[in-house]
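If you want the building blocks of each chain, they are given just below.
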Amino acid sequence: MPANRFNGHSDYGIGIGLRVPHYRHILSKKPVVDWFEIISENFMVEGGRPLELLDKILEQYRVVQHGVSMYFGSADKPDRTHLKRLKALVKRTRTPWLSDHLCWGSVDGTYTHDLLPMPYTFAAARRTAEKIRQIRDYVEVPVCVENVSSYAEFHASEMTEWEFLTEVVELADCGILLDVNNIYVSSKNHGFNPYDYVNNVPHHRVGQMHIAGHTKFEKYILDTHDHPVLDPVWKLYAHATRLCGITATLLEWDDRIPSFDEVHNEALKANEFIDGAKKAAV
Amino acid sequence: MKPPPKHPPSRVASTADLRAFQRMMASAIVRPLTADDGLQPLWTDGRPMDKVAAEFIKPNDRLTSFERLQLYSRMYWFRLFDAIRDDCPGLLAALGERAFGRLAQAYLAQYPSRSFTLRDLCSRLERFILEEPRLTAPRTALASEIARFEWAQTVAFDGEARPVIAAARLARTPPSRLRLGLQPYVTLLSLRHPIDTYVIAVKRRDALRSEASNTPGAQAVVHRAFRRAALPRPRRTHVAVHRHNNRLFYKRLDPAAFRILEALGRGCTLSRAIAAAGPGVRPGQVKAWFASWMALGWFCAPGNKRRRAAS
Numbered sequence: 039m040p041a042n043r044f045n046g047h048s049d050y051g052i053g054i055g056l057r058v059p060h061y062r063h064i065l066s067k068k069p070v071v072d073w074f075e076i077i078s079e080n081f082m083v084e085g086g087r088p089l090e091l092l093d094k095i096l097e098q099y100r101v102v103q104h105g106v107s108m109y110f111g112s113a114d115k116p117d118r119t120h121l122k123r124l125k126a127l128v129k130r131t132r133t134p135w136l137s138d139h140l141c142w143g144s145v146d147g148t149y150t151h152d153l154l155p156m157p158y159t160f161a162a163a164r165r166t167a168e169k170i171r172q173i174r175d176y177v178e179v180p181v182c183v184e185n186v187s188s189y190a191e192f193h194a195s196e197m198t199e200w201e202f203l204t205e206v207v208e209l210a211d212c213g214i215l216l217d218v219n220n221i222y223v224s225s226k227n228h229g230f231n232p233y234d235y236v237n238n239v240p241h242h243r244v245g246q247m248h249i250a251g252h253t254k255f256e257k258y259i260l261d262t263h264d265h266p267v268l269d270p271v272w273k274l275y276a277h278a279t280r281l282c283g284i285t286a287t288l289l290e291w292d293d294r295i296p297s298f299d300e301v302h303n304e305a306l307k308a309n310e311f312i313d314g315a316k317k318a319a320v
Numbered sequence: 002m003k004p005p006p007k008h009p010p011s012r013v014a015s016t017a018d019l020r021a022f023q024r025m026m027a028s029a030i031v032r033p034l035t036a037d038d039g040l041q042p043l044w045t046d047g048r049p050m051d052k053v054a055a056e057f058i059k060p061n062d063r064l065t066s067f068e069r070l071q072l073y074s075r076m077y078w079f080r081l082f083d084a085i086r087d088d089c090p091g092l093l094a095a096l097g098e099r100a101f102g103r104l105a106q107a108y109l110a111q112y113p114s115r116s117f118t119l120r121d122l123c124s125r126l127e128r129f130i131l132e133e134p135r136l137t138a139p140r141t142a143l144a145s146e147i148a149r150f151e152w153a154q155t156v157a158f159d160g161e162a163r164p165v166i167a168a169a170r171l172a173r174t175p176p177s178r179l180r181l182g183l184q185p186y187v188t189l190l191s192l193r194h195p196i197d198t199y200v201i202a203v204k205r206r207d208a209l210r211s212e213a214s215n216t217p218g219a220q221a222v223v224h225r226a227f228r229r230a231a232l233p234r235p236r237r238t239h240v241a242v243h244r245h246n247n248r249l250f251y252k253r254l255d256p257a258a259f260r261i262l263e264a265l266g267r268g269c270t271l272s273r274a275i276a277a278a279g280p281g282v283r284p285g286q287v288k289a290w291f292a293s294w295m296a297l298g299w300f301c302a303p304g305n306k307r308r309r310a311a312s
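Those protein sequence lines, which keep their order, are chains A and B. Residues 39 to 320 (the numbering used here) make up the first sequence, in order. Residues 2 to 312 (the numbering used here) make up the second sequence, in order.
Next comes chain B alone, as it looks inside the complex:
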């Protein structure tokens, strides 16, 4: 968003005035809240915020201009916090409430939503975590991997599905010329931690909490038993986050299988992709992998954009 004007327009007599007015109000709404969830007392230029709010918002007999503006700012932040929490339960569990809250606020301040849908809100979260490691230290590597994994889930949930490539085409095209695209909803991840099992554990814990909340007396027991899903220890993990029959799945991949898919995603021919698997991979293994991927419908015609595996 471009910087707001020093003062809101006293009249909105043109589209330019309307834009200036909207920049002023939006800038005030998206400024981070204070520790007690209030509007910041000073505007960006150091003037008292109550005076700035009074320049464009009318008070009424119950609320000051400042308080009326504050209502909108709180609704903005609470709505976006809720959306991030919903999309990132694993990251929340790994960081804890306070650190997650600090991260979410800093992220939204740096990367406010640029999409008409809240679905895209966390698309730049992994990048931000790596740009600002102090916010997640000492768990930055883990946090960035969880953010990447949880964004892959969003993509798998409702990403585009292209027509599945016909088996006949595979059979009639020589491997040295055959190029295959991966479905846009499939994300390949090479991770330093087994994030898939961690996210499953967090979801189970949350489901149990939810169950317990409807069972008088059981809540405390469950909370003690499932206070925190154990953080994953480092272990190189290759996984595809995808969907099948419109249900979300995580598929563990052999490192050689991952390299084949990654190479195909980069636009390599089939023969080059298979060569990328490295020595010691049996043809029967490769055949079985391809049979599985074909059955899952992962292959489509290569798109214009070459897909890059996230590692």
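So that you can see chain A by itself, here it is in the shape it has in the complex:
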């Protein structure tokens, strides 16, 4: 859906992640970019250069916040300090929606700084949905939850990952940030059909998509975000776009980051698939 209640009824097009090596280029050349995604935690600080830079970006560009440590799936209660800082940043950026991951990563206040997979159970889904609702009510913007890439599955799971994602977003009445690269990576690591995943999530809840590169190792695939998007991921993205409609899309490139133009041009390849989806819809 190009604009829906899960992305603040916005129509944002194709964006890229705002990353330090590109700051100078962006501020001096002012390239035309639909929007930037920022990592919320990088700007949840009290002062200094990060906020100065962000304010300069906000003068010229649309920004959407993406978090990496809210840990919707952790059994712990939401961290009050984290929430206050997140809300302050939401007011600063005027992000139409914000996203974080369907995962856990902290317990008893100790943080792993990782996106750890959930046991896919009904009780875990209820707890996760309850936290998403609490957080959304506090920050007062729509929330989209992102499926993570994973390298482990658990005996305790009672359903597939896409069933769990569906259960959570329906209970929380929130949106989905559909990361098609993560789906592909996990499908190879766990031996499922990635098209089953994309076919079976509630498409009307998809408020944003992620695309990225990954790295193949002998026995597993890692979600490294240090390569261009690979063909199978583009194909999956095209399929998801046909099902969900043309959706705000973001390329993640977080390691071995090339020039701004290279990253942006890679992201703009999504237009080919969006055009294909448009033609198919006619």
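Keep in mind the hints are simulated off the structure, nothing from the lab. Think of the CB as a built atom: it goes at the ideal place given N, C-alpha and C, for glycine as much as any other residue. Honestly, I wouldn't trust all of these hints.
Stated by the list, open to error - Here are a few chain B residues that face chain A, going by a calculated C-beta distance under 7 Å:
(1) Leu19
(2) Ile58
(3) Arg69
(4) Thr118
(5) Leu119
(6) Gly160
(7) Pro164
(8) Asn247
(9) Tyr251
(10) Asp255
(11) Leu297
Stated by the list, open to error - Subject to a maximum C-alpha distance of 27 Å in a straight line, what follows is the list of computed DSSO-like cross-link-like pairs (lysine-lysine):
(12) A:Lys307 to A:Lys273
(13) B:Lys59 to A:Lys254
(14) A:Lys115 to B:Lys3
(15) A:Lys94 to A:Lys115
(16) B:Lys52 to A:Lys257
(17) A:Lys254 to A:Lys273
(18) A:Lys257 to B:Lys59
(19) A:Lys115 to B:Lys7
(20) A:Lys125 to A:Lys94
(21) B:Lys52 to B:Lys7
(22) A:Lys226 to B:Lys59
(23) B:Lys52 to A:Lys226
Once you've looked at the hints, dock chain B against the given chain A.
Frame of chain A, contents of chain B only:
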């Protein structure tokens, strides 16, 4: 983190089960790796780790449960090591790779991250170095000062800036009643070594290495010339780590100037702070210092917490 259960829950049917499950997995992930970067072969109770991992993680046709868990543990440790290295280049240079690696692992085992942001990861490193001097001997004093200095840089980079106190308020309040706060992003350091010049030398060396890595043939020359920044010799140094126009700076302070700022930070009135400077300080000197500090925007209204200079 509270101790994990003896066995992971076979079902996750409640929030309590979810918490127990997460304690189990997190405890396994944050345990220090073996010398060859593997999961430890035995669990905390002596059982084989492969059996413990198999209790809650499914194997697949390529990886055992143990190997899948090990992936997450490695990612945890490598990510946190990278973050500490990025924040502490001076400490790394002073201790060398091996000793730094041992220190980082022991530190993270004792003080795992309690913050949602990796920015805070080194906030307790100085304390840990002093608690476990064997890890940095015979350079414990130097290492603790570098850790304190590098943490001050983090604070100066993105710490809170409060509204600067107006010069008019200073002029109209008698010194015997005037109290000034120091900006939270300013850290006063009384050091036994000139850590500021050492950290600058390390940064220059690292920058040259980085340059050389893009210049074929130059790398070996630069590595020979800048293998190690010379360790600083003891010399009492007073310095403020701060920012100006959102750029990081180190400002050397006269010992008397340091005492004035320290006293203000403790909540003393202006007249008491100036008295703390000691005899022999000329009024003109004090006036010039204050003019400089005001121009840098260091003074704000005193906060609830009295600031303590780190010495």
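Hints, one by one, checked against the model:
1. Leu19: holds, 4 Å
2. Ile58: holds, 5 Å
3. Arg69: Because about 4 Å separates Arg69 of chain B from the closest Cβ in chain A, which is inside the 7 Å limit, the hint holds.
4. Thr118: holds, 5 Å
5. Leu119: Result: holds, 6 Å to nearest chain A Cβ.
6. Gly160: holds, 6 Å
7. Pro164: violated, 12 Å
8. Asn247: holds, 4 Å
9. Tyr251: violated, 16 Å
10. Asp255: violated, 27 Å
11. Leu297: violated, 15 Å
12. A:Lys307 to A:Lys273: holds, 12 Å
13. B:Lys59 to A:Lys254: holds, 21 Å
14. A:Lys115 to B:Lys3: holds, 15 Å
15. A:Lys94 to A:Lys115: violated, 34 Å
16. B:Lys52 to A:Lys257: This hinted pair holds, its Cα atoms lying about 21 Å apart.
17. A:Lys254 to A:Lys273: Given pair Lys254 of chain A, Lys273 of chain A holds - Cα atoms ~18 Å apart, limit 27 Å.
18. A:Lys257 to B:Lys59: holds, 15 Å
19. A:Lys115 to B:Lys7: The hint holds at about 24 Å.
20. A:Lys125 to A:Lys94: holds, 20 Å
21. B:Lys52 to B:Lys7: The hint holds at about 12 Å.
22. A:Lys226 to B:Lys59: It holds: about 15 Å lies between the C-alpha atoms, which stays within 27 Å.
23. B:Lys52 to A:Lys226: holds, 25 Å
The earlier numbered hints that this structure contradicts are 7, 9, 10, 11, 15.
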